[in-house]
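So the sequences go chain by chain: A and B. Under the numbering used here, the first residue of the first sequence carries the number 875, and numbering increases by one thereafter. Under the numbering used here, the first residue of the second sequence carries the number 875, and numbering increases by one thereafter.
Calculated directly from the structure, the hints in this document are not laboratory data. Certain hints may be false.
Where chains are identical, the list cannot tell them apart; a pair therefore holds if satisfied intra-copy or between any two copies.
[Stated by the list, open to error] With a straight-line cut-off of 16 Å between C-alpha atoms, the simulated EDC-like cross-links for lysine to aspartate or glutamate are:
id, residue 1, residue 2
1, Lys933, Asp896
2, Lys1042, Asp889
3, Lys1042, Glu925
4, Lys961, Glu1077
5, Lys898, Glu912
6, Lys943, Asp992
7, Lys1042, Glu897
8, Lys924, Glu1087
9, Lys924, Glu997
10, Lys943, Glu886
11, Lys888, Glu944
12, Lys943, Asp889
None of the values given here were measured: they were computed from a predicted structure.
One-letter residues, chain by chain:
Protein chains: 2
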Amino acid sequence: MNAQDCLTMLREMKDVAFATVDEKGNPQVRIIDVMLVEKEKLYFCTGRGKEFYNQLRRKPEVAITGLNKEFQMVRLSGKAKKLPEQKCWIDRIFEENPVMNGVYPGESRYILEPFCIDSGNLEFFDLGKSPIYRENFVFGKEKGAAAGEEGENGKETAKESESGNDEKKGFWITEACIGCGKCMRVCPQQCITKGTPYLIRQENCLHCGLCFESCPAQAIVRRGE
Amino acid sequence: MNAQDCLTMLREMKDVAFATVDEKGNPQVRIIDVMLVEKEKLYFCTGRGKEFYNQLRRKPEVAITGLNKEFQMVRLSGKAKKLPEQKCWIDRIFEENPVMNGVYPGESRYILEPFCIDSGNLEFFDLGKSPIYRENFVFGKEKGAAAGEEGENGKETAKESESGNDEKKGFWITEACIGCGKCMRVCPQQCITKGTPYLIRQENCLHCGLCFESCPAQAIVRRGE
Chain A
875 MNAQDCLTML
885 REMKDVAFAT
895 VDEKGNPQVR
905 IIDVMLVEKE
915 KLYFCTGRGK
925 EFYNQLRRKP
935 EVAITGLNKE
945 FQMVRLSGKA
955 KKLPEQKCWI
965 DRIFEENPVM
975 NGVYPGESRY
985 ILEPFCIDSG
995 NLEFFDLGKS
1005 PIYRENFVFG
1015 KEKGAAAGEE
1025 GENGKETAKE
1035 SESGNDEKKG
1045 FWITEACIGC
1055 GKCMRVCPQQ
1065 CITKGTPYLI
1075 RQENCLHCGL
1085 CFESCPAQAI
1095 VRRGE
Chain B
875 MNAQDCLTML
885 REMKDVAFAT
895 VDEKGNPQVR
905 IIDVMLVEKE
915 KLYFCTGRGK
925 EFYNQLRRKP
935 EVAITGLNKE
945 FQMVRLSGKA
955 KKLPEQKCWI
965 DRIFEENPVM
975 NGVYPGESRY
985 ILEPFCIDSG
995 NLEFFDLGKS
1005 PIYRENFVFG
1015 KEKGAAAGEE
1025 GENGKETAKE
1035 SESGNDEKKG
1045 FWITEACIGC
1055 GKCMRVCPQQ
1065 CITKGTPYLI
1075 RQENCLHCGL
1085 CFESCPAQAI
1095 VRRGE
């Protein structure tokens, strides 16, 4: 599993949710087709008359998510860049997605503008497995900045992220652990391993917070908020 | 079709995208289960340790979308309210959604908090039809405020919205129309009818903006931005 695999999954889901922030600072979300994925880049398009287009022009930050039939979720966050050479990209998109001709026949396709997300953060979350499985990736030019030298292949498991990346989320057990085992007993996914200190297997963690609330020594900390 | 039908569709899709705005003002989105829908209210839950929970507590505005196999999309925007009587609601949710016991067995379910959306705006968008079909609804207490006296049943077609509701989006042809017919010829969904002035059938409009850009008399205006 790597960043390209996650992007390919989004392309296979095809109809995924794209969230933006509107001019009032509120969330907006709609289903948009992932039109192309190649070389760790994701392409989509939208009409110049749409609110989605105006929201992207005002604030390019976008969050994407989709779920497949195996209950595997992919989440992406990044910035959407409008592409130059509009006609060239729109023609390419229509070639790869012929169903678009039914919605925008003939020359009407050129009301669409192509966008690309070439860097950002990805999360893979497998709800079809027990325990659940999660993994984070960075892709594109964010890779160097976010993952540092360990970012090869854009792969970076949740566990590796202990080395201190701002983008990393979840809970960690500190040296203040008294070894009582309460966290291990309450964890709904049984993803805590005995040790000194006890250890949360980050790749199986729901981030539900039950260990954090249950620890009698306040030895569990939250990261990334 | 009415607001309750849209909410029921979201419940049937079950796994839908919930978008929020994070502490940096950026969009975040993830797949969440719609746990219950009744009496024009939508219920879901999330763990107190999750970023989603913290985002909702900071800023309750949420946008939801899902797509079914018939390519019918529903979009909702509203505010998520945390419910009192947590255990009572969580028990009810687990009763209606027994699969949750596999993820949060035993007492661990009470790390979850129940939320309700009891008012807001809904959009139904049918991409499985040609031309596409769209309709807007308000539900809950927003109904009175947003739709005024015409808001009975929470039903309010895009066409009715010409009476001037801030929440209404799209394009309208004004009296400045010179009757040249260019908008009608370029429309990808052929949703413009000849007349004085020409008329956009709002329920079939993609909001792509091609008529707006093509009108030689600048007779077409955008609403709701």
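To see whether the hints hold, each was checked on the structure:
Taking CA atoms no more than 16 Å apart as the test, Lys933 paired with Asp896 passes in both settings, with 8 Å inside one copy and 14 Å between copies. Taking the shortest alpha-carbon separations for Lys1042 and Asp889, neither the intra-copy value of 27 Å nor the inter-copy value of 25 Å comes in at or below 16 Å. Proximity of Lys1042 to Glu925 under the C-alpha cut-off of 16 Å is restricted to the inter-copy arrangement: shortest distance 11 Å between copies versus 31 Å within a copy. For the homomeric pair Lys961 and Glu1077, neither the shortest alpha-carbon distance inside one copy (43 Å) nor that between copies (29 Å) is at most 16 Å.
When the C-alpha separation of Lys898 and Glu912 is checked against a cutoff of 16 Å, the pair qualifies neither within a copy, at 34 Å, nor between copies, at 29 Å. In this homomeric assembly, Lys943 and Asp992 never come within 16 Å of each other (Cα to Cα): the closest approach is 26 Å inside a single copy and 30 Å across copies. In this assembly of identical chains, Lys1042 and Glu897 lie within 16 Å of each other by CA distance solely across copies; the values are 15 Å between and 28 Å within a copy. For the identical chains of this complex, Lys924 and Glu1087 are inter-copy neighbours only, at 12 Å across copies versus 44 Å inside a copy, given an alpha-carbon limit of 16 Å.
Within a single copy, Lys924 and Glu997 get their C-alpha atoms only as close as 28 Å, which misses the 16 Å cut-off; across copies the closest is 14 Å, which meets it. Taking the shortest alpha-carbon separations for Lys943 and Glu886, both the intra-copy value of 11 Å and the inter-copy value of 15 Å come in at or below 16 Å. Proximity of Lys888 to Glu944 under the C-alpha cut-off of 16 Å is found in both arrangements, the shortest distances being 15 Å within a copy and 15 Å between copies. Taking the closest pair of Cα atoms, Lys943 and Asp889 come within 16 Å of each other both inside a single copy (13 Å) and across two copies (11 Å).
This entry does not satisfy hints 2, 4, 5, 6, going by the numbered hints stated previously.
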